[in-house]
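There are 4 protein chains.
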Amino acid sequence: MPQAALPGAPASSRAERAAERRAAIVAAALDEFIARGFTATRLDDVAKRAGVAKGTIYLHFKDKETLFEELVRTAIIPVVDRMTTPPPIGGSVREALEAFAKTFLREVVATRRADIIRLIVAEGPRFPAIADFYYREVISRGLAAMRGLIEIGIARGEIRLGELKNFPQIVVAPAIVAIVWKSLFERHAPLDANEMLRVHLDLIFGARSKP
Amino acid sequence: MPQAALPGAPASSRAERAAERRAAIVAAALDEFIARGFTATRLDDVAKRAGVAKGTIYLHFKDKETLFEELVRTAIIPVVDRMTTPPPIGGSVREALEAFAKTFLREVVATRRADIIRLIVAEGPRFPAIADFYYREVISRGLAAMRGLIEIGIARGEIRLGELKNFPQIVVAPAIVAIVWKSLFERHAPLDANEMLRVHLDLIFGARSKP
Amino acid sequence: MPQAALPGAPASSRAERAAERRAAIVAAALDEFIARGFTATRLDDVAKRAGVAKGTIYLHFKDKETLFEELVRTAIIPVVDRMTTPPPIGGSVREALEAFAKTFLREVVATRRADIIRLIVAEGPRFPAIADFYYREVISRGLAAMRGLIEIGIARGEIRLGELKNFPQIVVAPAIVAIVWKSLFERHAPLDANEMLRVHLDLIFGARSKP
Amino acid sequence: MPQAALPGAPASSRAERAAERRAAIVAAALDEFIARGFTATRLDDVAKRAGVAKGTIYLHFKDKETLFEELVRTAIIPVVDRMTTPPPIGGSVREALEAFAKTFLREVVATRRADIIRLIVAEGPRFPAIADFYYREVISRGLAAMRGLIEIGIARGEIRLGELKNFPQIVVAPAIVAIVWKSLFERHAPLDANEMLRVHLDLIFGARSKP
DNA sequence: TATGAATGAGTGTTCATTCAT
DNA sequence: TATGAATGAACACTCATTCAT
Numbered sequence: 001m002p003q004a005a006l007p008g009a010p011a012s013s014r015a016e017r018a019a020e021r022r023a024a025i026v027a028a029a030l031d032e033f034i035a036r037g038f039t040a041t042r043l044d045d046v047a048k049r050a051g052v053a054k055g056t057i058y059l060h061f062k063d064k065e066t067l068f069e070e071l072v073r074t075a076i077i078p079v080v081d082r083m084t085t086p087p088p089i090g091g092s093v094r095e096a097l098e099a100f101a102k103t104f105l106r107e108v109v110a111t112r113r114a115d116i117i118r119l120i121v122a123e124g125p126r127f128p129a130i131a132d133f134y135y136r137e138v139i140s141r142g143l144a145a146m147r148g149l150i151e152i153g154i155a156r157g158e159i160r161l162g163e164l165k166n167f168p169q170i171v172v173a174p175a176i177v178a179i180v181w182k183s184l185f186e187r188h189a190p191l192d193a194n195e196m197l198r199v200h201l202d203l204i205f206g207a208r209s210k211p
Numbered sequence: 001m002p003q004a005a006l007p008g009a010p011a012s013s014r015a016e017r018a019a020e021r022r023a024a025i026v027a028a029a030l031d032e033f034i035a036r037g038f039t040a041t042r043l044d045d046v047a048k049r050a051g052v053a054k055g056t057i058y059l060h061f062k063d064k065e066t067l068f069e070e071l072v073r074t075a076i077i078p079v080v081d082r083m084t085t086p087p088p089i090g091g092s093v094r095e096a097l098e099a100f101a102k103t104f105l106r107e108v109v110a111t112r113r114a115d116i117i118r119l120i121v122a123e124g125p126r127f128p129a130i131a132d133f134y135y136r137e138v139i140s141r142g143l144a145a146m147r148g149l150i151e152i153g154i155a156r157g158e159i160r161l162g163e164l165k166n167f168p169q170i171v172v173a174p175a176i177v178a179i180v181w182k183s184l185f186e187r188h189a190p191l192d193a194n195e196m197l198r199v200h201l202d203l204i205f206g207a208r209s210k211p
Numbered sequence: 001m002p003q004a005a006l007p008g009a010p011a012s013s014r015a016e017r018a019a020e021r022r023a024a025i026v027a028a029a030l031d032e033f034i035a036r037g038f039t040a041t042r043l044d045d046v047a048k049r050a051g052v053a054k055g056t057i058y059l060h061f062k063d064k065e066t067l068f069e070e071l072v073r074t075a076i077i078p079v080v081d082r083m084t085t086p087p088p089i090g091g092s093v094r095e096a097l098e099a100f101a102k103t104f105l106r107e108v109v110a111t112r113r114a115d116i117i118r119l120i121v122a123e124g125p126r127f128p129a130i131a132d133f134y135y136r137e138v139i140s141r142g143l144a145a146m147r148g149l150i151e152i153g154i155a156r157g158e159i160r161l162g163e164l165k166n167f168p169q170i171v172v173a174p175a176i177v178a179i180v181w182k183s184l185f186e187r188h189a190p191l192d193a194n195e196m197l198r199v200h201l202d203l204i205f206g207a208r209s210k211p
Numbered sequence: 001m002p003q004a005a006l007p008g009a010p011a012s013s014r015a016e017r018a019a020e021r022r023a024a025i026v027a028a029a030l031d032e033f034i035a036r037g038f039t040a041t042r043l044d045d046v047a048k049r050a051g052v053a054k055g056t057i058y059l060h061f062k063d064k065e066t067l068f069e070e071l072v073r074t075a076i077i078p079v080v081d082r083m084t085t086p087p088p089i090g091g092s093v094r095e096a097l098e099a100f101a102k103t104f105l106r107e108v109v110a111t112r113r114a115d116i117i118r119l120i121v122a123e124g125p126r127f128p129a130i131a132d133f134y135y136r137e138v139i140s141r142g143l144a145a146m147r148g149l150i151e152i153g154i155a156r157g158e159i160r161l162g163e164l165k166n167f168p169q170i171v172v173a174p175a176i177v178a179i180v181w182k183s184l185f186e187r188h189a190p191l192d193a194n195e196m197l198r199v200h201l202d203l204i205f206g207a208r209s210k211p
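Chains as they are written, first to last, in our numbering: chain A, 1 to 211; chain B, 1 to 211; chain C, 1 to 211; chain D, 1 to 211.
Don't read these hints as lab results, they were simulated from the structure.
A hint or two may mislead.
As the list makes no split between identical chains, a pair holds if one copy fits it or if it spans any two.
[To be verified] Calculated lysine to any residue pairs in the SDA-like style (CA-CA distance at most 25 Å, straight line): (1) Lys182 - Leu143; (2) Lys182 - Arg198; (3) Lys182 - Gly142; (4) Lys165 - Ala189; (5) Lys62 - Thr39; (6) Lys165 - Glu186; (7) Lys165 - Leu191; (8) Lys64 - Ala40; (9) Lys165 - Lys182; (10) Lys64 - Ile154; (11) Lys165 - Pro190; (12) Lys165 - Arg187; (13) Lys165 - Phe185; (14) Lys165 - His188; (15) Lys102 - Glu186; (16) Lys165 - Ala144; (17) Lys182 - Asn166; (18) Lys102 - Glu20; (19) Lys182 - Glu163; (20) Lys54 - Ser183.
This structure is a prediction, so every number in the text was calculated from the model and none was measured.
Put together the whole structure using the sequences plus the hints.
Here is the structure:
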């Protein structure tokens, strides 16, 4: 019962259909891995959700581990692109960070991408390849960009605390907390992540006179 | 191959030995769950590591899930006690937070307890009982204490940013980041967590003149 | 080591082979359940005997209990059909019952079907669904047919004891005894079930002048 | 928690208490074996029901099989005694059989002893020792007695069908059916076993003029 | 390519049996 | 004798992986 391709779609080429199937598998696997973790996820369920036979998964991925790793890679790339491409042009560093925070909340914390990050934290130690990849592609690049911003802020006098440039992690820390909070504690005590990040920027740049 | 009791130990009572065995199981389970996650952990391995027969686990715990939950509880309680009992009397709020940070680094980040926290983040969504327990016993209590400190700091003029009291999470955020970093990225780029927390306190209280 | 299909068989369709495998499992399970009872039967042995992998059993049956119940159903149906379809045509009621007895001895008492009945007696109380099914499909139908015969016999004057129609069980009772005897005591004292049933019919219809 | 001896009982001797415990184990085992069959019965449950520690069972019985076999023996003896001791004094053979039927219904069919017989049917094939014992102690003796009665009946002219003496099983058959019916089908269709046995005697002796 | 039936190693859990106290 | 904690072999059931169609 192949349902990967919507019936209305024009008869696409062999290659296109293969790509569609592969994408369907990846999407389904993402859902399952997020919901259950690596070991507890059944490829049977992934296949069912993808509208594909179980054997088909093995035409696209060597095994469960490979699927998992490629999946995380696939899921990470867009985040990286989205978060790193808009370089802080024009305005102040605070404005740049505010824009960054806004994007992060909208595109990561409020979406399934937050779960991906939690997934990496959860399974990372068992999948060094993933931790490596994540460090290389996201962490190091993200922190470098952040450090650049901080240095500009310091140079411009927006940021008083010079040592902050040694720990760009501090700037991102509340965003990480927001992700964890969302997964685990939101129903116990909802968190206004937006406001939290604003307050944190106040800490870094000094409080603004509220508009 | 019973190895639970060290040979040198005096012939302890039935109850004592039972408690020892139980403790051995919990310790072994902790190691295994941390290393592999819930599903991938084999009770066979737990038993082997605890020096106990597989069936013995079931004399102490109803099933794997119960073992996991009780284990997290057991592992968490001492941390909570250690972190919440020494209330910062006397000195300044900054000093209190510095003491807290030092303790946290020494007792949590640098120990296996960090892994427990990662374990909670990883498996929490699948074990609501654990997330509940953790929120109730650790998060809510910890944040309440933190909020109290912040308010004192604000009242005394040590902390300028009044809104901080609404987000005690901000104060703890870098500590969380330190935990995650340690598990995933330490070998790519070692993090001086001690210094990071100090810088973060500078952000909150204003930079000190370095001694 | 698939042995379900005999080598000489023509390459059958997927569905046919599935049916063959299912039948092989049922046959193997019948042997094992008869020999050991429900609990003591190992699905490993069933699989081995059926020439099938253990997992294959679960492609056809939800679990051991379902296998057992479906098996009894499967094994019972043909007997019922065989025993109930030949309606007493033409001759006397005695002749009809003699034919019935002969069939019963040949098709049930002398075959593995006797063991099935013993199996039902043995495990019935623990499997209400089976007792229900057996009552509905075999007992009630069989007794109704028997009662019909008795009434005809009474009407025709072949049977003198009118009250017999209230207890068709009496007519079948020696057949049941034959089954139990065969399983348990045959080696201690062989029983000529054929002759026993004849004598019993003499009791009901009056002795014949032996030919 | 030993509860085998009632508190009010006088401090009995060591041997007496041991016998009491043994009896308690046998009684408990009977209940459990009847309810679950041999394999599905847990010695843990037997011990609990007997108010005895699990290990205690092994002080009295070599293993589960031995317990089962001794138990059936123990449970059978009283039945045999009760059913065989009242020898047909005085009256007619019909009266003797009517007395027998009455006793059988009261003492066997209506009691747990019926379950014992079903237990023997169920587990007999797997426990030849039990089938042997049962044949020797019950079946052969009971059928011999029955045959004796039949012969007297024939000699006296009460029983017309001479061949009946070759199949005393016919006389008992409805009683067996009553036992099976009680265990399996009573809730579907209650059976008036008393009346059934009476009708059966009418078949053997000829109908009476109802009082 | 795609399918899904079949495989069989692997794992949680149970329970008869033992034995130190 | 009696206990019940401990053992470990056994078994039902699962699921990643393969392969004939």
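Give me the numbers of the hints this structure contradicts, sorted from smallest to largest. 10, 18, 20
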